[in-house]
Structure formats: C-alpha cells, structure tokens
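Undergrad: The lines below spell out each chain.
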Amino acid sequence: MTEDEEILLAFLEESRDNLDQLDKDLVALETDPHDVALLARVFRVVHTLKGTCGFLGLPTLEGLAHAGEDLLGALRSAELVLDRPMTSSLLRLVDAVRHILSCIAVTSAEPPESQDHLVAELRGHLSATTGVVPHSQPQPAPADAPPGDERVPPPARTADTTVRVDVAILDTLMDLVGELVLVGSRIGELAALDDDGPLAAPYRDLRVVSAELQDSVMTARLQPVGTVTGKFHRIARDLAAALGKHIVVQVEGEDVGVDKAVNEALRDPLLHLVRNALDHGIESPAERTAAGKPVAGHLRIRTFHEGGRVHLEVSDDGRGVDAEALVAKAVAASLLTGDEATRLDQADQLALMFHAGLSTKQDVTSTSGRGVGMDVVRTSLEQVGGSIEVASSAGRGTQFRLSIPLTLAIMPILVAWCGDEHYAIPQVHLREVVHLDAESLADRIDVVSSARMLRLRGRLLPLVDLAACLGDTSRRTDGALVVVVLDSDGRRFGLVVDDVGDTVDAVVKPLPRRLRGVVAYAGTTILGDGRATLILDVPALAGAAGIAVSTPEDAASAAATTTVGLLLATAPDGGRLAVRIAQVRRLEHFAHEQVEQMGALDVVQYAGGILPLVHVSALLPERRLTGREASGVPTSESIAAVVCHGAQGLVGFVVRSIDDVVAEPAVPRQPPSRPGVEACLVVDGQVTELLDLEALTAAAGIGASL
Amino acid sequence: MTSVVAPAPAAQVTLCTFVVGDLLLGLPVEHVVEVVRGERLTRVPLAPGSVVGLLNLRGRIVSAVDARVRLGLDRRDGDRECAHIIITLDDEQVSLVVDREGEVVALESATRYDVPETVPPEIRRLLVSAYRRDEALLLVLDPHRVLTVD
Chain G
46 MTEDEEILLA
56 FLEESRDNLD
66 QLDKDLVALE
76 TDPHDVALLA
86 RVFRVVHTLK
96 GTCGFLGLPT
106 LEGLAHAGED
116 LLGALRSAEL
126 VLDRPMTSSL
136 LRLVDAVRHI
146 LSCIAVTSAE
156 PPESQDHLVA
166 ELRGHLSATT
176 GVVPHSQPQP
186 APADAPPGDE
196 RVPPPARTAD
206 TTVRVDVAIL
216 DTLMDLVGEL
226 VLVGSRIGEL
236 AALDDDGPLA
246 APYRDLRVVS
256 AELQDSVMTA
266 RLQPVGTVTG
276 KFHRIARDLA
286 AALGKHIVVQ
296 VEGEDVGVDK
306 AVNEALRDPL
316 LHLVRNALDH
326 GIESPAERTA
336 AGKPVAGHLR
346 IRTFHEGGRV
356 HLEVSDDGRG
366 VDAEALVAKA
376 VAASLLTGDE
386 ATRLDQADQL
396 ALMFHAGLST
406 KQDVTSTSGR
416 GVGMDVVRTS
426 LEQVGGSIEV
436 ASSAGRGTQF
446 RLSIPLTLAI
456 MPILVAWCGD
466 EHYAIPQVHL
476 REVVHLDAES
486 LADRIDVVSS
496 ARMLRLRGRL
506 LPLVDLAACL
516 GDTSRRTDGA
526 LVVVVLDSDG
536 RRFGLVVDDV
546 GDTVDAVVKP
556 LPRRLRGVVA
566 YAGTTILGDG
576 RATLILDVPA
586 LAGAAGIAVS
596 TPEDAASAAA
606 TTTVGLLLAT
616 APDGGRLAVR
626 IAQVRRLEHF
636 AHEQVEQMGA
646 LDVVQYAGGI
656 LPLVHVSALL
666 PERRLTGREA
676 SGVPTSESIA
686 AVVCHGAQGL
696 VGFVVRSIDD
706 VVAEPAVPRQ
716 PPSRPGVEAC
726 LVVDGQVTEL
736 LDLEALTAAA
746 GIGASL
Chain P
95 MTSVVAPAPA
105 AQVTLCTFVV
115 GDLLLGLPVE
125 HVVEVVRGER
135 LTRVPLAPGS
145 VVGLLNLRGR
155 IVSAVDARVR
165 LGLDRRDGDR
175 ECAHIIITLD
185 DEQVSLVVDR
195 EGEVVALESA
205 TRYDVPETVP
215 PEIRRLLVSA
225 YRRDEALLLV
235 LDPHRVLTVD
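Here the protein sequences line up with chains G and P, keeping their order. Quick note on the numbering used here: the first sequence kicks off at 46 and runs consecutively. Quick note on the numbering used here: the second sequence kicks off at 95 and runs consecutively.
Any given hint might turn out to be false.
Cβ-to-Cβ under 8 Å is the rule here; a few derived chain G residues that face chain P [to be verified]:
| no. | residue |
| --- | --- |
| 1 | Glu224 |
| 2 | Gly516 |
| 3 | Val549 |
| 4 | Val553 |
| 5 | Lys554 |
| 6 | Pro557 |
| 7 | Ala565 |
| 8 | Ile571 |
Estimated spans, in silico, between C-beta atoms of each pair [as the list claims (entries may be wrong)]:
| no. | chain 1 | residue 1 | chain 2 | residue 2 | range |
| --- | --- | --- | --- | --- | --- |
| 9 | G | Cys148 | P | Val198 | 49 to 55 Å |
| 10 | G | Thr152 | P | Arg152 | 42 to 48 Å |
| 11 | G | Val564 | P | Ala105 | 47 to 53 Å |
| 12 | G | Asp49 | P | Val213 | 52 to 58 Å |
| 13 | P | Val113 | G | Glu59 | 47 to 53 Å |
| 14 | G | Val564 | P | Asp168 | 51 to 57 Å |
| 15 | G | Arg143 | P | Ala105 | 52 to 58 Å |
| 16 | P | Asp168 | G | His690 | 53 to 59 Å |
| 17 | G | Ser261 | P | His238 | 57 to 63 Å |
| 18 | P | Ala105 | G | Ser261 | 47 to 53 Å |
| 19 | G | Ser230 | P | Glu216 | 42 to 48 Å |
| 20 | G | Arg143 | P | Val198 | 51 to 57 Å |
| 21 | G | Gly233 | P | Pro122 | 39 to 45 Å |
If you want the ones that stay clear, here's a sample from chain G, every Cβ over 10 Å from chain P, calculated [unchecked claim]:
| no. | residue |
| --- | --- |
| 22 | Gly99 |
| 23 | Thr132 |
| 24 | Pro457 |
| 25 | Glu466 |
| 26 | Arg489 |
No lab work stands behind these hints, which were simulated from the structure alone. Glycine included, C-beta positions come from ideal geometry on N, C-alpha and C.
Using the sequences and the hints, build the whole thing.
TA: Spelled out as structure tokens, the structure:
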C-alpha cells in the first residue's frame with residue numbers, strides 16, 4: 046500500500062466515525078441552537094473535513110464542506126440561529142459526504158454527480174436570512190482563533206487509547222481460553238489426588254487467572270450498543286419530520302457493551318419499534334394539545350445491564366395500544382374464540398400484537414403498518430435468545446422491554462442424552478422437563494397412528510422422538526423416557542430423549558463446513574469433559590417432524606400462514622374428519638359393553654362422570670356413499686372416541702379410527718359442505734371436513750343437564 | 095510422459111505418508127498440520143456417510159472424514175485404531191481418518207509416475223500422481239478431492 050492510500054484509508058475510517066457523531070450533534074443542536082460548545086465541535090469536524098479533502102485532492106467534497114463551513118461559521122458568529130430547514134440541509138450534507146466517501150472507498154475516486162444543488166441550498170440559508178454575501182474566504186480554524194475564543198471541546202471519541210482488532214483474532218483467543226480452562230480442569234483432577242501436594246496452590250492460581258482471562262477476552266468482543274442506539278437521534282428526527290410530528294429523543298446507556306452479533310441483531314427490531322412509536326404511538330401536535338400533553342412527543346431508548354443480560358427499553362408518551370381492538374382483531378381472524386378472549390388479562394391482550402398478521406393501524410403508511418411486523422420483531426429477537434414484552438396504558442404511552450444475552454458466543458444449554466451420544470439444547474427454547482417411568486408411559490401417552498401425544502395438564506403435546514429424528518438406533522430400551530418440553534416460535538412440542546443432564550454455559554462454535562447441509566444442528570460446542578458436542582436446531586427439528594413452525598418469511602408473506610394443529614380421524618362412513626387439537630382433551634377407546642343408553646343418547650361412565658357419545662356419521666346428513674364406504678363398516682372390538690371439551694362439558698365424538706396429527710394453515714378453506722361441518726380443508730391432498738363441535742353437540746340433543 | 099516432469103535441480107517433494115487398507119498413500123506436507131491419535135470422536139447422525147464424527151482439537155471443532163469410505167473400502171469399525179491426519183483446506187481444518195500414519199518422506203521428482211491404469215477408478219479419481227517406494231507404490235492424494243463430502 047502506498048503512503049497516499051494509507052492516508053486515504055485512515056481518512057475514510059476516521060470520517061465514518063465523525064459523520065455518525067455529526068448526525069447526533071446536529072440533532073442535539075436543533076433542540077438547543079445556543080449550545081456554543083456543541084456548535085464549535087460541529088464546526089471543527091466540518092472544517093477538518095474540508096482541509097483534508099483539499100489535501101487529498103477531492104474537489105466535490107471540499108466544495109461541500111466549504112459551503113457547510115460557511116453556514117456553520119455564520120451560526121457560530123451568531124449572525125444566524127439554527128432552525129429546522131438549516132438542520133435538514135446540514136444533515137443532507139452529512140448524507141452526501143457519507144455517500145461520496147462510500148464511493149471513494151470502492152473506486153478511490155469521487156462519484157461524477159454534481160453536488161451543486163446542495164451547495165446552493167447551504168449558501169441559500171446565508172443569503173436568504175441575512176442578505177449577507179456568503180463568505181468566500183475560508184473561516185479560520187478554531188485552533189487559529191484569537192485568544193478569548195470559546196473553548197473547543199475535544200472530539201467525542203479519543204482514538205489514542207483504542208486499537209481496531211479483527212474479530213477472527215478475538216474468536217481464536219476465545220477458543221484458546223476455552224481450551225485453557227479445560228486443560229486447567231485436567232490439572233485440577235491431578236491436584237485433587239493430593240490436597241497438600243505441590244500442585245494444589247498453583248492450580249488455584251491457574252483457575253483464577255484463566256477465569257479472569259476469559260472475562261477479559263469476552264469484554265474485548267463487546268462494542269458499545271450506542272453504535273446502534275445512537276443512530277436513532279437522527280432516524281427519529283427525520284421520521285418525525287416526515288410525519289409532521291414533534292419529538293424529543295433521549296438515548297441512554299450508549300456505552301453499554303454488547304457482542305457485535307447482538308448489536309447487529311438489535312438494529313432491525315429497534316428500527317421497527319421506533320417507527321411504530323413515531324407513527325402509531327405519538328399523536329399529532331393537534332391531538333397532543335387537545336389531550337393536554339406537551340406538543341413534543343417523548344421517545345426514550347434506554348440500555349442497561351442486569352443479571353448477565355442486556356435490557357433495552359423503548360418508551361413513548363403517545364396514545365398507547367388499544368388492547369380491546371387487538372382482541373377484536375384476533376377474534377375476527379379466528380386466532381381466538383370469543384370465550385378465550387374474555388379470559389385474557391391485559392398483558393396477554395397486549396401480547397397478541399406479536400401474533401403474525403395483527404396490526405392495529407387500519408391504513409398502511411409509508412412508515413409502518415402493513416399488518417406484519419411485531420411478530421417479525423419477536424421472532425428475530427428470539428433467534429438470538431432474546432425476548433420482548435410490552436406494557437401500555439391508554440393515553441399515557443407504551444413501553445417495550447427487550448432482553449437479550451450479552452453475547453451470542455456463550456449460550457446456556459441443557460445437555461441431553463440420546464443413545465450413546467449427548468447433545469446440547471439451547472435453553473432459550475426450554476420450558477420444562479417431564480420424566481416418565483415405564484409404568485406411566487401408557488397412561489400419559491396417546492399413540493395416534495404415527496404421532497405420539499403426551500397428556501400434560503389437560504393438554505395434548507405432540508411428541509418428537511430425537512432418536513427417530515436422527516435415525517439413531519443405539520437407544521437404551523429400559524422403557525423410561527424424558528420429555529423435554531420446547532417452545533419454538535410460539536409452538537410447543539415435547540422432544541423425547543433418554544436422559545438429561547445439567548444446564549451449562551457453552552461457548553458456541555460454528556458447524557464445520559462439511560456439516561452445514563445437515564439441518565438438525567445449529568452449531569457445536571465443547572462440554573466440560575472436552576468432547577465436541579452438537580447443538581440441536583430446535584425449530585428445524587420441529588419442522589422436520591411436521592410440527593409447523595412459522596418463519597419470519599412465512600409471517601411476512603401473509604397472515605394466511607397462521608397454522609392450526611388438527612387431529613385427523615376417519616369417520617365410521619370412511620370420510621376424513623378433522624378436529625382442532627386445541628379442543629381435544631383426550632383420545633379414548635371404549636369397549637362396546639361399556640356403552641349404556643341414557644334416553645336417546647349413548648353414554649359411557651368416564652372420569653367419575655357420564656360422557657355422552659356423539660355418533661358423527663349419524664348426524665352428518667346428505668352424504669353420498671361411494672362404493673368403498675357402502676361396502677360396510679368393519680366391526681371393531683372397541684369404539685374410538687375423541688373426547689372434547691365443549692360448552693356443555695366433555696363430549697366423546699365416535700370415529701372409526703384416529704389417524705394423525707397435522708398442522709395446517711388456518712386459511713384458505715372451502716365453505717362448509719353440510720351442517721355440522723365448520724369448513725372443508727384439503728389435507729395431504731384429501732378432502733377433510735373440519736367438524737363444528739358445538740353444532741354437532743347441539744344436534745345430538747346434549748343439553749346443559751349433563 | 096516423463097518428458098513433462100520438471101528437471102529442476104531441487105525437484106523434491108515431501109510427502110506425509112499413511113496406510114489405509116493395503117494402500118500406501120501420501121499428501122504433500124504443506125497441507126498437513128499435524129497427526130493426532132486416539133482422539134475421542136463425537137458421532138454425527140444424519141451427516142454424509144464419509145463424515146465419521148467430530149473431534150475437539152485444542153478447542154477447535156474439526157470434522158473427521160473417513161479415508162476408507164472415500165476410497166471405496168468398508169466403513170471403519172468404531173473400535174479400530176486409527177490416526178487423524180489434520181489438513182488445512184480453505185481456511186478450515188479437517189481430519190482425514192486413516193488406519194496408520196507413516197513417515198514423512200522426501201522424494202525426487204524424477205521417480206514420479208503417472209497413476210497406473212491398474213488402480214481402480216474409485217481410487218484413481220482421488221489421486222494426482224504415484225511414486226515408487228521400495229517395493230510398494232506410494233499414491234499421492236489430491237487433498238480437495240479426498241476431502242470432498244457429498
């Protein structure tokens with residue numbers, strides 16, 4: 046690299062930082078145009094830029110910087126006072142400089158397009174307000190300023206005490222430190238053989254030093270969250286201007302350190318939240334005045350450390366979220382029944398906004414509000430092990446609370462055994478662990494053809510066998526099982542493993558290239574015993590096992606991708622039926638002898654009460670029999686019943702067989718074919734009738750008396 | 095084809111040799127980082143057939159490719175003794191699992207042969223050249239081809 050190239054490269058790097066600072070400073074100046082120190086700092090940056098550009102032979106940049114410097118000079122000498130149009134012009138100057146610099150970084154030359162219009166715009170502020178002929182002579186730099194000039198604050202960042210280091214080097218350091226800890230524990234085993242031996246004291250020291258080293262290396266990987274949150278001064282200002290709203294932005298905790306990868310993962314969710322706050326949250330000036338609020342809305346982004354995680358709060362003092370409207374939309378979109386809706390508390394109501402396809406704003410604006418969004422925010426945060434909560438009070442404002450791990454390099458995991466190998470399950474997906482001994486297995490697990498379901502506190506949980514997923518045949522066969530209940534994008538399932546171990550913090554390493562195509566794994570790690578261990582990709586496992594998982598892409602494509610779990614059954618007449626899993630309590634088989642008559646109803650004694658049976662085929666009229674169906678129903682030894690919880694208590698729906706559990710899009714669907722059917726669906730290429738359980742129950746004459 | 099062999103004075107190649115089945119094989123030493131033995135492997139279900147597992151090489155996770163599978167021999171029996179030839183390829187370390195490591199040998203380019211026609215095609219496609227070594231034929235592998243995993 047030639048000396049010139051080195052100077053240019055250093056200039057580009059330095060300018061990038063300076064421009065980010067300029068954005069912030071200009072927005073701050075707009076709020077307080079009389080902050081002399083801040084104005085001097087802005088002036089100095091632009092002045093330096095102009096000087097360097099002249100030196101490097103970059104005429105377009107130099108011309109721009111010169112025009113900006115003239116305007117800032119007039120502001121500094123109090124000939125002018127900074128107003129909104131001037132701030133906008135100066136911010137456009139920053140954008141133009143940024144654009145030109147990025148061109149130079151690629152082509153080593155300024156882009157051909159002219160910046161004359163912007164130069165004229167900047168000079169226009171000078172002539173329009175004062176009539177003064179713009180300065181053609183360069184302003185003196187603050188350093189040359191006569192004694193008595195105001196004190197110039199140092200640039201916000203000091204470059205002297207920092208070095209730029211390639212992240213790959215830091216990653217290697219992390220690996221080596223991790224290995225050092227493992228070697229240390231091997232020495233620890235030797236030291237433990239003889240408590241007073243010569244190894245004991247050095248081992249204690251080694252442990253302390255390597256723990257401190259690990260912390261230091263970890264800290265070195267962190268960058269200030271301000272590289273992301275700091276940008277919102279400018280972004281929020283521009284957005285507010287576009288929306289015709291007044292806004293005061295307050296960003297706190299910009300120096301909180303987070304992992305680079307976490308910072309990147311935060312950018313889009315935060316942008317979304319800030320847009321929402323400005324567009325939907327904060328009212329127009331007229332509305333605010335009418336509500337007796339200050340005209341300028343308040344947006345606050347606060348970052349802090351707590352409990353080993355990074356917390357961010359995005360709060361506004363706007364109109365708040367209309368929880369009732371959210372619930373009404375959810376009911377209209379069949380995400381909830383009216384009955385379920387009444388049981389939600391306020392937190393649950395607000396949490397509906399994270400559901401795919403729900404947005405309270407009716408009209409689509411350029412800023413936000415396309416009916417997708419909050420679900421994408423939630424999903425992308427969950428992908429990095431984060432979570433989001435919302436609190437809101439009508440007329441007073443909304444607050445989003447985000448929590449994310451400090452680093453993605455370390456992840457809490459649960460160790461699980463399957464066959465003779467152990468695997469790591471990211472704890473972010475973990476809900477609970479259920480141990481089942483051989484005796485309780487039959488009692489708690491329903492086998493529905495290929496799908497197994499666990500009865501857990503009155504609900505049916507689909508089970509995924511890890512050994513089957515991995516094609517592993519080395520499973521222990523003593524009958525006992527452990528079900529790890531996992532949550533992936535809001536969908537819950539049980540992963541069947543042989544045993545589980547402890548939860549540990551694991552250093553995450555990428556999958557070797559030759560294994561990237563294998564979907565079951567998200568990465569690798571090294572556990573305390575020094576063995577390489579695979580980290581399971583929970584969403585991929587759920588997907589491979591047929592448990593629908595909505596991806597951000599799906600959610601973005603349409604609300605139609607909301608899926609419902611369906612239990613598929615064959616009707617006594619051979620047709621295919623479906624019942625929503627959410628409505629199913631249990632799957633039962635009754636012997637024919639158990640069936641008794643009570644009035645016109647067939648009933649069985651069940652769970653200490655009386656369970657009325659509904660013969661589905663008898664109640665579904667007008668179905669033409671095909672040859673297959675007309676050939677007669679084989680008489681089975683028992684009656685299969687889907688026990689559902691209805692408005693009148695438990696009801697058993699009699700079917701010929703219970704076949705499968707699938708997840709299907711809630712829409713599209715065909716209108717009902719006949720009474721007693723809620724809708725027709727096509728599942729696996731076969732027409733399937735989704736039963737309207739309420740209508741069937743009523744048609745069977747089952748009343749509240751039961 | 096001996097005419098195409100460069101007659102440069104210092105025309106030597108240094109090969110790291112190893113044995114797989116009854117084959118004597120070699121790789122240019124510049125690709126080989128080290129040879130390790132007796133490492134515990136973590137099995138990887140669903141992985142391509144030639145990937146026998148993962149090993150922890152001082153904090154680095156390395157995939158182990160079974161040379162037997164790549165050469166069309168029977169898959170390695172888990173308990174059988176083996177050696178890992180650690181190779182750097184495209185900025186990543188990979189282990190080629192072989193039956194037994196051999197010595198590092200320096201050979202005159204003049205003793206280089208083309209791969210004999212008698213070598214079965216499934217092995218031939220992984221080779222770049224061959225050398226006469228005492229009584230045996232030393233087959234030189236192409237590191238990219240032998241570590242390609244389908």
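Undergrad: Against this structure, judge whether each hint is valid.
TA: For each hint, the structure was consulted:
1. The beta carbon of Glu224(G) is positioned within 8 Å of a beta carbon in chain P (closest approach about 3 Å), and the interface hint is therefore held.
2. Annotation: Gly516(G) was flagged as interfacial toward chain P, and the flag holds, the nearest CB pair being 6 Å apart, inside 8 Å.
3. Checking Val549(G) against chain P by beta carbon gives a least distance of about 16 Å; that is not within 8 Å, so the hint is violated.
4. At a threshold of 8 Å, the smallest CB-CB gap from Val553(G) to chain P is about 10 Å, leaving the interface hint violated.
5. A distance limit of 8 Å between C-beta atoms decides the matter here; for Lys554(G) the minimum to chain P is near 5 Å, and the interface restraint holds.
6. Restraint check, Pro557(G) versus chain P: the minimum CB separation of about 4 Å is within 8 Å; hint holds.
7. With its C-beta approaching chain P no nearer than about 6 Å, Ala565(G) sits inside the 8 Å limit, and its interface hint holds.
8. The beta carbon of Ile571(G) is positioned within 8 Å of a beta carbon in chain P (closest approach about 5 Å), and the interface hint is therefore held.
9. At roughly 52 Å, the beta carbons of Cys148(G) and Val198(P) sit within the given window of 49 to 55 Å.
10. The beta-carbon spacing between Thr152(G) and Arg152(P), approximately 43 Å, falls within the hinted interval of 42 to 48 Å.
11. Checked against the hint of 47 to 53 Å, the C-beta distance between Val564(G) and Ala105(P) comes to roughly 48 Å, which is consistent with it.
12. Separation of Asp49(G) from Val213(P) is about 56 Å and conforms to the stated range, judged on CB atoms against 52 to 58 Å.
13. Hint check: Val113(P) to Glu59(G), Cβ distance near 58 Å, so the stated range 47 to 53 Å is violated.
14. Checked against the hint of 51 to 57 Å, the C-beta distance between Val564(G) and Asp168(P) comes to roughly 28 Å, which is inconsistent with it.
15. With their beta carbons about 56 Å apart, Arg143(G) and Ala105(P) fall inside the hinted range of 52 to 58 Å.
16. Between Asp168(P) and His690(G) the CB atoms are about 57 Å apart, so this pair conforms to the stated range of 53 to 59 Å.
17. The given range of 57 to 63 Å is broken by Ser261(G) and His238(P), whose C-beta atoms sit roughly 39 Å from each other.
18. Ala105(P) and Ser261(G) have their C-beta atoms about 50 Å apart, which keeps the hinted 47 to 53 Å range intact.
19. Look at Ser230(G) against Glu216(P): about 44 Å separates their beta carbons, and that is inside 42 to 48 Å.
20. With their beta carbons about 55 Å apart, Arg143(G) and Val198(P) fall inside the hinted range of 51 to 57 Å.
21. Taken as a hint, the range 39 to 45 Å holds for the pair Gly233(G) and Pro122(P), whose Cβ atoms sit roughly 41 Å apart.
22. For Gly99(G), the non-interface assignment is confirmed: its Cβ lies about 42 Å from the closest Cβ of chain P, beyond the 10 Å cut-off.
23. Thr132(G), annotated as away from the interface, keeps every beta carbon of chain P farther than 10 Å; the closest lies near 47 Å.
24. With 10 Å as the threshold on Cβ separation, the claim that Pro457(G) sits away from chain P holds: the shortest Cβ distance comes to roughly 19 Å.
25. With 10 Å as the threshold on Cβ separation, the claim that Glu466(G) sits away from chain P is violated: the shortest Cβ distance comes to roughly 5 Å.
26. Residue-level check passed: Arg489(G) sits 27 Å from the nearest beta carbon of chain P, beyond 10 Å.
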